[in-house]
Amino acid sequence: MADDLSKEQLKPEHPDRKTGYERILTDPAPPWFVELYPGGDGTGFLQKLDRHSILFHQRSAKRLVVSFDNIANANDLSFAREPWGWKFFRDEGWSHMGVFARTKAWYRDPEILSYFDGKVAEGFFDRFDQVVFAGASMGGFGALTFSAHVPGANVIAFNPQTTLDERLVPWETRYRFGRVQNWDLPASDAAQTVQVAGKAYVFYDPFFDLDRQQVQRLQGDNVVLLKTWFSNHFAAPMLRKLDILKPVMLGAMDGTLEASEFYRLMRARRRLPLLIRGIEAMGSERHPALVQRARQRFRMLRRQAAAEAAKDSQ
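Going by this note's numbering, 260 is the number at position 236 of the sequence shown; the sequence numbering is gapless.
These aren't lab readings, by the way, just hints derived from the structure by calculation. Every value quoted in this text rests on a predicted model; they were computed, and no experiment measured them. Be aware that a few hints might be false.
Claimed, not checked - Capping the alpha-carbon separation at 25 Å, the derived lysine-lysine pairs in DSS-like fashion look like this: (1) Lys128 <-> Lys111; (2) Lys143 <-> Lys72; (3) Lys86 <-> Lys128.
To be verified - Per label pair, the in silico range of CB-to-CB distance: (4) Gly63 <-> Trp195: 28 to 38 Å; (5) Leu234 <-> Phe57: 29 to 39 Å; (6) Arg47 <-> Ala292: 35 to 45 Å; (7) Phe201 <-> Gly147: 21 to 31 Å; (8) Gly117 <-> Phe57: 32 to 42 Å; (9) Ala292 <-> Tyr61: 22 to 32 Å.
Note that CB positions come from ideal geometry on N, CA and C, so glycine has one too.
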């Protein structure tokens, strides 16, 4: 038991912690386990493939969200690991299929492709009134491409890659491990798969050149490109900081989010330190006068916000 382990063995970097058995003894159980353990009141399954795992929670039949891990999660060996967006989807009462990735391979794996083919063949997705695919970065690529298994499904993708196929994007210099995967497999180019999606909401920073070039490959009346200026490769964290991620996600889920409403919500970014730091990094050398005016405007808005907060607290 955990009491039998020394203090050294309890440290995350200790070799004994590499075994799943030791992690189970010392790490908290994953929150999703509450629903699926033998005594839980939920319905679903965990299926482990060679390089991926699939966690499914059956909740409402009205909506199924299929989410994909991003690159930051691929090396997470913790016992308490959750699928991308798990808590949000749980709180909303939606059914959820979370795809765990154990490698940074951009889902270029015949096994995971065959798994989704099998789910289509058995009518799994037909059990739900609506299916939405979602993810960020590598997960955004997964959402855009695997959504082709359910034509008409909406897609929500933050800072996605459309492909890492060097024949299509020779200018892409990131993600070396992903670029060497097999890009001749099906569902390898989101510029093609997005054509059969319902609405595809794609969030990106237009000043982050590589993300912008990737996103601009997505064309079609069903594609909604939404700019998150100066968020770099972290559009979703920016929306979370602005406290607008939830309403944005809710609107995108059912396809009612309009660009005008999104940009109205995004006006809150004017008070975010992240924004002024981005403006300074982008324009200090070329437009120092404009940057100075932006600083002054930022300070004024921050003072106004502080005054309003103080007034509301009285």
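Hints and how they fare:
1. Lys128 <-> Lys111: This hinted pair holds, its Cα atoms lying about 23 Å apart.
2. Lys143 <-> Lys72: holds (15 Å)
3. Lys86 <-> Lys128: violated (32 Å)
4. Gly63 <-> Trp195: 28 to 38 Å: With Cβ atoms ~53 Å apart, the hint is violated.
5. Leu234 <-> Phe57: 29 to 39 Å: holds (38 Å)
6. Arg47 <-> Ala292: 35 to 45 Å: holds (40 Å)
7. Phe201 <-> Gly147: 21 to 31 Å: violated (35 Å)
8. Gly117 <-> Phe57: 32 to 42 Å: violated (19 Å)
9. Ala292 <-> Tyr61: 22 to 32 Å: At roughly 40 Å between Cβ atoms, Tyr61 and Ala292 fall outside 22 to 32 Å, so the hint is violated.
In this structure, the hints that do not hold are numbers 3, 4, 7, 8, 9, in rising order.
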